[in-house]
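Could you put the whole structure together from the sequences, leaning on the hints where they help?
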Amino acid sequence: MIKPKAHPHEAERLKALHATGLINTPMEQGFEQITSLTKKIFDVPIVAISLIDKDKQWFKSIIGSNLSETPREISFCGHTILKEEALIVTDAQSDIRFKNNPLVTGEKGSVRFYAGYPIHASNDHHPIGALCIIDSKPRHISPTEKSILHDLAALVDSEISNFHSLEAYKKRNVELECAERMTLLDGVTKTWNANGITQLLQQQMNLSKEEKETFGLFNVSIDSFKSFTDEYGEDTGNELLHAIARNLVVHCHSEASVGYLGGKEFMIILPLNDKREILKSAERLRQIIEHEPMTTQAGEIKATITIGIVFYDPHVHQETSSLMAEAHGALEEGRHAGGNRIVLH
1 MIKPKAHPHE AERLKALHAT GLINTPMEQG FEQITSLTKK IFDVPIVAIS
51 LIDKDKQWFK SIIGSNLSET PREISFCGHT ILKEEALIVT DAQSDIRFKN
101 NPLVTGEKGS VRFYAGYPIH ASNDHHPIGA LCIIDSKPRH ISPTEKSILH
151 DLAALVDSEI SNFHSLEAYK KRNVELECAE RMTLLDGVTK TWNANGITQL
201 LQQQMNLSKE EKETFGLFNV SIDSFKSFTD EYGEDTGNEL LHAIARNLVV
251 HCHSEASVGY LGGKEFMIIL PLNDKREILK SAERLRQIIE HEPMTTQAGE
301 IKATITIGIV FYDPHVHQET SSLMAEAHGA LEEGRHAGGN RIVLH
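Mapping of the sequence shown onto UniProt numbering: position 77 corresponds to residue 77, and the numbering continues sequentially without gaps.
Treat the hints as calculated values from the structure; they're not laboratory data.
There could be a bad hint or two in this list.
Quick list of the computed label-pair ranges, beta carbon to beta carbon [unchecked claim]:
#1 Pro-314 x Pro-8: 51 to 57 Å
#2 His-140 x Met-182: 23 to 29 Å
#3 Ala-6 x Glu-283: 49 to 55 Å
#4 Arg-335 x Glu-231: 15 to 21 Å
#5 Lys-108 x Met-182: 16 to 22 Å
#6 Leu-82 x Asp-43: 24 to 30 Å
#7 Pro-45 x Glu-255: 41 to 47 Å
#8 Glu-85 x Met-182: 52 to 58 Å
#9 Asp-91 x His-150: 20 to 26 Å
#10 Pro-8 x Glu-277: 26 to 32 Å
#11 Glu-300 x Leu-279: 25 to 31 Å
In silico DSS-like cross-links for lysine-lysine, where the CA-CA straight-line distance does not exceed 27 Å [as the list claims (entries may be wrong)]:
#12 Lys-15 x Lys-3
#13 Lys-15 x Lys-5
#14 Lys-39 x Lys-146
#15 Lys-83 x Lys-99
#16 Lys-3 x Lys-40
#17 Lys-275 x Lys-40
#18 Lys-275 x Lys-209
#19 Lys-39 x Lys-99
#20 Lys-39 x Lys-108
#21 Lys-209 x Lys-99
#22 Lys-54 x Lys-5
#23 Lys-280 x Lys-212
#24 Lys-302 x Lys-39
#25 Lys-56 x Lys-15
#26 Lys-137 x Lys-39
#27 Lys-212 x Lys-137
Where is the CB? At the ideal position from N, CA and C, for every residue including glycine.
Given below as structure tokens:
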């Protein structure tokens with residue numbers, strides 16, 4: 001195995017990476033949509049948007065693997081950022097750079113095919129990571145497919161620029177440093193954890209009170225989740241949690257914040273001052289999850305969700321606990337009615 005070298009402009013590259021604020025952030029709709037599209041186009045088991053930090057490769061978005069990060073020294077994308085064009089590895093077992101890599105040998109994965117294009121920070125030419133496609137069997141990529149991968153990487157560049165320029169950027173990251181944000185993320189679902197989403201809820205309540213506006217709070221529960229874990233095991237249950245979380249992020253409003261409360265429950269903050277649109281968003285989520293099977297190691301699984309909804313009222317909800325309790329009450333009402341529905345309080 002040959003470890004990737006440091007980039008010729010490593011200090012500037014790392015500065016550009018850290019300036020994006022992307023490391024240790026939850027799933028974002030735009031990035032998840034790009035990896036979903038890439039997977040559909042190339043029909044590969046794994047697609048990832050990786051960010052190459054000083055000592056680690058961290059995945060901003062990944063489909064087909066439960067990895068959140070790897071050491072930089074074993075990363076394929078660490079080699080990709082040294083190139084201006086795509087890195088194509090048709091069979092890693094025959095490539096001297098990778099054949100003894102634990103991502104190839106089965107110790108940490110079974111990568112055979114890899115193709116990746118560098119991605120860049122906004123207004124900066126330094127590569128901060130890569131968009132890559134991976135397969136567990138050798139394959140070739142045509143010039144047309146290579147061009148398509150390049151175009152998709154350009155979409156990631158645009159999304160990075162949009163992420164950094166959004167007015168909600170600081171709010172979404174809870175105005176915390178990278179290391180602090182990590183403590184507010186859930187490792188299984190790649191969303192905010194209970195503490196993180198509660199902090200965001202407090203910020204949204206303060207903002208909405210100041211602007212005299214409402215917003216929607218969803219308490220979401222996976223119906224019959226215990227039956228899934230009893231039948232398929234905890235690992236498959238975790239895969240289902242991640243798949244549900246991903247659907248919530250991808251198909252909810254772009255300004256929504258999604259957090260995992262633990263067990264089978266999620267919370268969504270939807271900062272819209274339009275009650276009808278909030279209800280439409282909830283019903284859309286319910287229908288999508290009901291009709292789209294989710295892929296796990298145990299095969300395709302279909303699930304349903306129940307959503308309890310409450311609209312924020314500054315005269316009624318003085319504390320996050322009262323708002324969350326009301327949303328949970330609506331959720332319990334939906335559960336007792338049989339699940340797979342939305343209930344508004």
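Outcome of the hint check:
no. : hint                          : result
1   : Pro-314 x Pro-8: 51 to 57 Å   : holds, 54 Å
2   : His-140 x Met-182: 23 to 29 Å : violated, 38 Å
3   : Ala-6 x Glu-283: 49 to 55 Å   : holds, 51 Å
4   : Arg-335 x Glu-231: 15 to 21 Å : holds, 20 Å
5   : Lys-108 x Met-182: 16 to 22 Å : holds, 21 Å
6   : Leu-82 x Asp-43: 24 to 30 Å   : holds, 28 Å
7   : Pro-45 x Glu-255: 41 to 47 Å  : violated, 31 Å
8   : Glu-85 x Met-182: 52 to 58 Å  : violated, 33 Å
9   : Asp-91 x His-150: 20 to 26 Å  : holds, 22 Å
10  : Pro-8 x Glu-277: 26 to 32 Å   : violated, 49 Å
11  : Glu-300 x Leu-279: 25 to 31 Å : holds, 29 Å
12  : Lys-15 x Lys-3                : holds, 22 Å
13  : Lys-15 x Lys-5                : holds, 18 Å
14  : Lys-39 x Lys-146              : holds, 14 Å
15  : Lys-83 x Lys-99               : holds, 20 Å
16  : Lys-3 x Lys-40                : violated, 31 Å
17  : Lys-275 x Lys-40              : violated, 34 Å
18  : Lys-275 x Lys-209             : holds, 16 Å
19  : Lys-39 x Lys-99               : holds, 25 Å
20  : Lys-39 x Lys-108              : holds, 21 Å
21  : Lys-209 x Lys-99              : violated, 58 Å
22  : Lys-54 x Lys-5                : holds, 11 Å
23  : Lys-280 x Lys-212             : holds, 22 Å
24  : Lys-302 x Lys-39              : holds, 20 Å
25  : Lys-56 x Lys-15               : holds, 15 Å
26  : Lys-137 x Lys-39              : holds, 16 Å
27  : Lys-212 x Lys-137             : violated, 56 Å
Violation of the numbered hints given earlier is confined to hints 2, 7, 8, 10, 16, 17, 21, 27; the remaining hints are satisfied by the structure.
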